[in-house]
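Taking the hints into account, I'd like the entire structure generated from these sequences.
The lines below spell out each chain.
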Amino acid sequence: MSTASGNYYLPHVARWPIVGSIGLFTMLGGFSLKLIGVGAGAFFMALGALIIIGMMFGWFGEVIREGLQGLYNDQVERSFRWGMIWFIASEVMFFACFFGSLLYIRMYVIPWLGGEGTTGVGEFTNMLWPDFAPEWPTNGPARIGGEFEPMGAWGIPALNTLILLSSGVTVTWAHWGLLKNNRPQFVKGLIATIALGFTFVLFQAYEYYHAYTEMGLTLGAGIYGSTFFMLTGFHGMHVTIGAIFLTVVLLRALRGHFDAEHHFAFEAAAWYWHFVDVVWLGLFIFVYWL
Amino acid sequence: MATVADTHGVEHEHGPAKGIMRWITTTNHKDIGTLYLCFAMAMFLVGGLMALIIRAELYQPGLQLVDPHFFNQMTTLHALIMVFGAVMPAFAGFANWMLPPMIGAPDMALPRMNNWSFWVLPFAATMLVITLFLDGGAVASGWTLYPPLVLQMGDSLPFTIFTVHLLGLSSIMASINIIVTIFNLRAPGMTMMKMPMFVWTWLITAFLLILVMPVLAGGVTMLLTDKYFDTSFFDAAGGGDPVLFQHIFWFFGHPEVYIIVLPAFGIISHVIPVFSRKPLFGKNSMVFATAVIGILSMIVWAHHQYTVGMPVPAELYFMYATMLIAVPTGVKVFNWLATMWKGSLTFETPMLHAMGFLVLFVFGGFTGIMMSQAPADLYYHDNYFIVAHFHYTLVGGGVWGIFAGFFFWLPKWTGRMYDERLGKLHFWLSFLGFNLLFMPQHFLGLAGMPRRIPDYAVQFTEFNQMSTVGAFIFGFSQLLLIYIAYKAIKGEGEKATDEVWEGAKSHGLEWNLPSPMPYHHSFEGVNIGKAIEDE
Numbered sequence: 064m065s066t067a068s069g070n071y072y073l074p075h076v077a078r079w080p081i082v083g084s085i086g087l088f089t090m091l092g093g094f095s096l097k098l099i100g101v102g103a104g105a106f107f108m109a110l111g112a113l114i115i116i117g118m119m120f121g122w123f124g125e126v127i128r129e130g131l132q133g134l135y136n137d138q139v140e141r142s143f144r145w146g147m148i149w150f151i152a153s154e155v156m157f158f159a160c161f162f163g164s165l166l167y168i169r170m171y172v173i174p175w176l177g178g179e180g181t182t183g184v185g186e187f188t189n190m191l192w193p194d195f196a197p198e199w200p201t202n203g204p205a206r207i208g209g210e211f212e213p214m215g216a217w218g219i220p221a222l223n224t225l226i227l228l229s230s231g232v233t234v235t236w237a238h239w240g241l242l243k244n245n246r247p248q249f250v251k252g253l254i255a256t257i258a259l260g261f262t263f264v265l266f267q268a269y270e271y272y273h274a275y276t277e278m279g280l281t282l283g284a285g286i287y288g289s290t291f292f293m294l295t296g297f298h299g300m301h302v303t304i305g306a307i308f309l310t311v312v313l314l315r316a317l318r319g320h321f322d323a324e325h326h327f328a329f330e331a332a333a334w335y336w337h338f339v340d341v342v343w344l345g346l347f348i349f350v351y352w353l
Numbered sequence: 086m087a088t089v090a091d092t093h094g095v096e097h098e099h100g101p102a103k104g105i106m107r108w109i110t111t112t113n114h115k116d117i118g119t120l121y122l123c124f125a126m127a128m129f130l131v132g133g134l135m136a137l138i139i140r141a142e143l144y145q146p147g148l149q150l151v152d153p154h155f156f157n158q159m160t161t162l163h164a165l166i167m168v169f170g171a172v173m174p175a176f177a178g179f180a181n182w183m184l185p186p187m188i189g190a191p192d193m194a195l196p197r198m199n200n201w202s203f204w205v206l207p208f209a210a211t212m213l214v215i216t217l218f219l220d221g222g223a224v225a226s227g228w229t230l231y232p233p234l235v236l237q238m239g240d241s242l243p244f245t246i247f248t249v250h251l252l253g254l255s256s257i258m259a260s261i262n263i264i265v266t267i268f269n270l271r272a273p274g275m276t277m278m279k280m281p282m283f284v285w286t287w288l289i290t291a292f293l294l295i296l297v298m299p300v301l302a303g304g305v306t307m308l309l310t311d312k313y314f315d316t317s318f319f320d321a322a323g324g325g326d327p328v329l330f331q332h333i334f335w336f337f338g339h340p341e342v343y344i345i346v347l348p349a350f351g352i353i354s355h356v357i358p359v360f361s362r363k364p365l366f367g368k369n370s371m372v373f374a375t376a377v378i379g380i381l382s383m384i385v386w387a388h389h390q391y392t393v394g395m396p397v398p399a400e401l402y403f404m405y406a407t408m409l410i411a412v413p414t415g416v417k418v419f420n421w422l423a424t425m426w427k428g429s430l431t432f433e434t435p436m437l438h439a440m441g442f443l444v445l446f447v448f449g450g451f452t453g454i455m456m457s458q459a460p461a462d463l464y465y466h467d468n469y470f471i472v473a474h475f476h477y478t479l480v481g482g483g484v485w486g487i488f489a490g491f492f493f494w495l496p497k498w499t500g501r502m503y504d505e506r507l508g509k510l511h512f513w514l515s516f517l518g519f520n521l522l523f524m525p526q527h528f529l530g531l532a533g534m535p536r537r538i539p540d541y542a543v544q545f546t547e548f549n550q551m552s553t554v555g556a557f558i559f560g561f562s563q564l565l566l567i568y569i570a571y572k573a574i575k576g577e578g579e580k581a582t583d584e585v586w587e588g589a590k591s592h593g594l595e596w597n598l599p600s601p602m603p604y605h606h607s608f609e610g611v612n613i614g615k616a617i618e619d620e
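Going down the list, the protein sequences come from chains Z and L.
64 is the number of the first residue of the first sequence in the numbering used here; add one for each residue after it.
86 is the number of the first residue of the second sequence in the numbering used here; add one for each residue after it.
To be clear, the hints were calculated from the coordinates, so they are not data collected in a lab.
Glycine included, C-beta positions come from ideal geometry on N, C-alpha and C.
Be a bit skeptical, because a hint or two may be false.
[Stated by the list, open to error] If you want the ones that stay clear, here's a sample from chain L, every Cβ over 10 Å from chain Z, calculated:
{"hint": "1", "residue": "109"}
{"hint": "2", "residue": "141"}
{"hint": "3", "residue": "455"}
[To be verified] Which residues of chain Z face chain L? A few of them, derived with a C-beta cut under 7 Å, are:
{"hint": "4", "residue": "99"}
{"hint": "5", "residue": "147"}
{"hint": "6", "residue": "149"}
{"hint": "7", "residue": "285"}
What follows is the structure in structure tokens.
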């Protein structure tokens, strides 16, 4: 282990963070304006998104160049690893919020709305909605959003489970290839993973299209629609980000950026990929199946 | 393991860049610490001004200065700005300045991200302040943002929600940086159990932030979709439940109060030993007590919701779990007292603030035990008793920790001793002003005065007038704090020695460094291994 103040690389200037802040401010401010009905909102939103994308190219590019110059010793790479681990931990908690909400609603709120409960809640809801039967799926006692058909588990969702689990295998196979310095295996594994990832996203898009056009299942379909689209939507977004992440890693792999010792970016992408994989298993069980 | 630090970095030695770009592009932990502290001070004044508007309105019964809707905007923004803009950034500033020197690290582990964690904040604050000028004004629901009320207001909701997202982003990045620095950048010989208390308390705080900020982000996102995208998370008609938001909010909100007070615990655990000229009593038990407080803080959240109609078993569970927190907190308080026992005590300004902290925080803790009782809390709920309670813990605990740390470390940062006479004056004005401000609010609450209302019944007048006078004394005495800092930064005052406080060298690595610490490479020429062993 090198000493803490030995050759630990410390950049002296950070040009991109302020660009990132301006981008975030422009994008989120624009989104807010759009939501309150100001026409220019959409423009600022797009502009902000472009600034953020530019910031990412610039910032990541700088880090990649420094990595290739060999400025990062093992200790710096360890910092990156710890950083990624705790970033994923925060993402886990973000999903925990929505899973927790789903379970709270299914275990407590729906029975209370159906007249159960000992603290007077039941009597009150019985008075408001005497004919509400507490069952899942539901769009609530007021039937918000009208008739809808819940999403079954054994069509596309089961297929998607298979796809994501397989992609977990292919990404590990790619990792093995990299560790053996077997570049063709590494690249093939990555391509397979990315292909599976984007296939998943396409299936998901088809499922959404089907839900909106034929099943009456929308974001506005009461609590079932809300939890369904919020959970699967944020997950789908994360799969897309993960697949883009892996694509960047693939492009770098084709340029020969990684070897058996130095491949933090690949590992980070693989960890992220396993994380979206595990979240999907939770979704499949609690959103689609049970 | 004793090695002389090798200070030859990759780049050549040079001082800070010139002009505004130095501050915008800096990756130096000392610069970023200064930015955080200046930002916190500015927000402290903005949030304080809002508090003074609230107190001025409450000087007399009836409506005189502001209309009720604006009053509610002030209570909401005061809380959000003080919590996210003043107190948390102040502790992040201390962490930036002091963590690397305390553990023998050259800087924070991820310096570019460190820059970003700070530079998100001014944009977030701007976005929040903009909402004051929108149709319908700023969010006026109280900082808890409870639906359905918060969904029935004007155009400020999306801006406020994205402000929360930005603040969360900043906190999470800062926390990741702190954890990584502590895990990966300790000097050889600095084992986990040798780490100073401020480092330990910040480590636990950072874990709490990473675990709860994303949950708040999820919760406010659901508010946004409920208002603009037809979802029914918090609408019973659609099968949702407004109480769900309260659970989500307090799952974040309760750990948040420990996020505010744990770093203060750390600072006090440094100040008391130095001015008692004794090592900290029961260091290991302090570490474990901090960890236990961190864990307990995450499983007691619903004691904020005793009145919403939870099932009785849930109320009982949250009541007992809450009371359990008194045990590790008691361990800490008794350890501080035991540290002072038979010490040769002196009461310079930092120690005065540490004593202020002990008195005020323990007082706030006791009223907390009163309110932890579910049946009793039905009576205390949503009146001035709770307002007094949490100001005693968050100001008496959090802000007094900041005061103590500020006077304790200012000489190490600037190389100049502050004006001791002015420091003491600031302490006494703040301490008396604060107690005059919040002590009467306990009685107002017990007598039944509700919180978040701009008007009150005439029998509450005297106590409210005392409270308002106290608020203005407390508020304006902070100008003194700025003046003291300004003088030290300008280089007026006596030159500080390296150890600053008598005998401090044996209390931590940071007191072996020159005052002020060099801009780069704090440890130039310092034998880190020897200093760690000497502790």
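Structure-based check of each hint:
With a cut of 10 Å on Cβ distances, residue 109 of chain L falls inside the contact zone with chain Z, its closest approach being about 5 Å. Interface exclusion of residue 141 of chain L from chain Z stands, the closest Cβ pair being 31 Å apart, more than 10 Å. With 10 Å as the threshold on Cβ separation, the claim that residue 455 of chain L sits away from chain Z holds: the shortest Cβ distance comes to roughly 23 Å. The beta carbon of residue 99 of chain Z is positioned within 7 Å of a beta carbon in chain L (closest approach about 4 Å), and the interface hint is therefore held.
The interface hint given for residue 147 of chain Z is broken, as the beta carbon of that residue sits about 9 Å from the closest beta carbon of chain L, more than 7 Å. Checking residue 149 of chain Z against chain L: minimum C-beta separation of about 5 Å stays under 7 Å; hint holds. A distance limit of 7 Å between C-beta atoms decides the matter here; for residue 285 of chain Z the minimum to chain L is near 4 Å, and the interface restraint holds.
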